[in-house]
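Enquirer: Line by line, the protein sequences give chains A and B. Residue numbers for the first sequence follow this note's numbering, so the first one is 1 and each next one is one higher. Residue numbers for the second sequence follow this note's numbering, so the first one is 1 and each next one is one higher.
Rather than coming from a laboratory, the hints here were simulated on the basis of the structure. It is possible that some hints are incorrect.
Stated by the list, open to error - DMTMM-like mimics (lysine to aspartate or glutamate), calculated; alpha carbons at most 25 Å apart, straight line:
#1 A/K42 x B/D26
#2 B/K57 x B/D38
#3 A/K68 x B/E59
#4 B/K14 x B/E30
#5 B/K70 x B/E59
#6 B/K9 x B/E30
#7 A/K1 x B/D26
#8 A/K42 x B/D38
#9 A/K1 x B/E59
Unchecked claim - Selected chain A positions facing chain B (Cβ under 8 Å, derived; list incomplete):
#10 I7
#11 L11
#12 Y31
#13 K42
#14 L44
#15 L49
#16 L89
#17 M99
#18 G103
Glycine included, every Cβ here is placed at the ideal spot set by N, Cα and C.
Residues per chain, in single letters:
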Amino acid sequence: KQEVTQIPAALSVPEGENLVLNCSFTDSAIYNLQWFRQDPGKGLTSLLLIQSSQREQTSGRLNASLDKSSGRSTLYIAASQPGDSATYLCAVLNNAGNMLTFGGGTRLMVKP
Amino acid sequence: NAGVTQTPKFRVLKTGQSMTLLCAQDMNHEYMYWYRQDPGMGLRLIHYSVGEGTTAKGEVPDGYNVSRLKKQNFLLGLESAAPSQTSVYFCASSRPPDRAKNIQYFGAGTRLSVL
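Generate coordinates for the entire structure from the input sequences, incorporating the hints supplied.
Expert: Written as C-alpha cells, this is what we have:
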C-alpha cells in the first residue's frame, strides 16, 4: 500500500525567505506526482505535475523535483510572500491511473 | 467556466439519515472521484469512475455508494449516516492518465456533520 509523508507538518517563515517542502512515498511505481495548494475552507488547486519520467517542473516562483528511485519530491518556493500562506499537499498517482494517494500536507504561514 | 461544482456546501445529519452529494463537471472529463478529508490525514479516495455507467471502490468505500448515470455527474450516497462519516467531502475530475496535462480538478467541498 502506497504511503505518502510530508515534512514538516507546519512551517512559519518571514516574508522573502526561500523554503523547501518535502514529500516522500513508499512505492516508486508511480505514474506522476502532483503538488496542490489548499486554502482554508476551499478545494485543492493543482500547482505542478511531474510525470514519472521527469525530474522537475517549474512554474513562476515554484519548482518541484522528483527522485522516483528514492521516493522523494521537494517543492521549492522562492522569495515567499504572505499570499503563499496555505496548506500544500503532494499526491502520487498509481500506474493504473485510478488512485491518487495524498500526504497529510504542510501548513505554511508566511509572515509580513 | 464552472469547473467542478458540488452541492450542497454544508449539511448536518442525524445518525441513520440518508443523503446524496452531487458533483457536476463541465470539462467533459472521463474520470471522476470522491474523496474525504479528515484532520491530519490528507485526502482518501472513497470511490471513483472511469466513465459513464462505471464505478469502482477506492481506499475507504464502506458506508458509501455511488452512481455515474451521466458523464458530467457523479453522485455519492450515504444510506445510513454514522458519526464516523463526519468529514469534508471533495469531488474531482480528470482526463485519463495517458492524456497530456492529466491533473485533477477539485470542487470546493461539502462539509458534513453527523450527530
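Enquirer: Determine for every hint whether it applies to the structure shown.
Expert: Against the structure, the hints come out as follows:
1. Among the hinted pairs, A/K42 with B/D26 is consistent with the structure: their alpha-carbon atoms are about 19 Å apart, no more than 25 Å.
2. Between B/K57 and B/D38 the CA atoms are separated by roughly 19 Å; this keeps the pair inside 25 Å, and the hint holds.
3. For the hint pairing A/K68 with B/E59, the CA-to-CA distance comes to about 23 Å; that is within 25 Å, so the pair holds.
4. A threshold of 25 Å between alpha carbons decides the hint, and for B/K14 with B/E30 the separation of about 34 Å lies outside it, so the pair is violated.
5. This hinted pair checks out: B/K70 and B/E59 have alpha carbons roughly 24 Å apart, not beyond 25 Å.
6. For a cut-off of 25 Å, the pair hint linking B/K9 to B/E30 stands: about 24 Å separates their Cα positions.
7. A hinted pair counts as satisfied when its Cα atoms are at most 25 Å apart, and A/K1 with B/D26 does not qualify at roughly 33 Å.
8. For the proposed pair A/K42 and B/D38, the alpha carbon gap of about 14 Å is at most 25 Å, so the pair holds.
9. As the CA atoms of A/K1 and B/E59 are separated by approximately 10 Å, the hinted pair is consistent with the 25 Å bound.
10. The beta carbon of A/I7 is not positioned within 8 Å of any beta carbon in chain B (closest approach about 13 Å), and the interface hint is therefore violated.
11. Hint status for A/L11 relative to chain B: violated, with the closest Cβ pair at about 16 Å, above 8 Å.
12. Interface restraint check: A/Y31 against chain B, minimum CB-CB distance 5 Å, threshold 8 Å, status holds.
13. The interface hint given for A/K42 is met, as the beta carbon of that residue sits about 6 Å from the closest beta carbon of chain B, less than 8 Å.
14. Nearest Cβ of chain B to the Cβ of A/L44: about 4 Å, under the 8 Å cut. The hint holds.
15. The restraint placing A/L49 at the interface with chain B holds, with a minimum CB-CB distance near 5 Å, inside the 8 Å limit.
16. With 8 Å as the threshold, the beta carbon of A/L89 comes within range of chain B, its nearest partner Cβ sitting at about 7 Å, so the hint holds.
17. Among the interface hints, the one on A/M99 holds; its C-beta lies about 6 Å from the nearest C-beta in chain B, closer than the 8 Å criterion.
18. Annotation: A/G103 was flagged as interfacial toward chain B, and the flag holds, the nearest CB pair being 6 Å apart, inside 8 Å.
Taken one by one, the earlier hints fail for this structure at numbers 4, 7, 10, 11, listed in ascending order.
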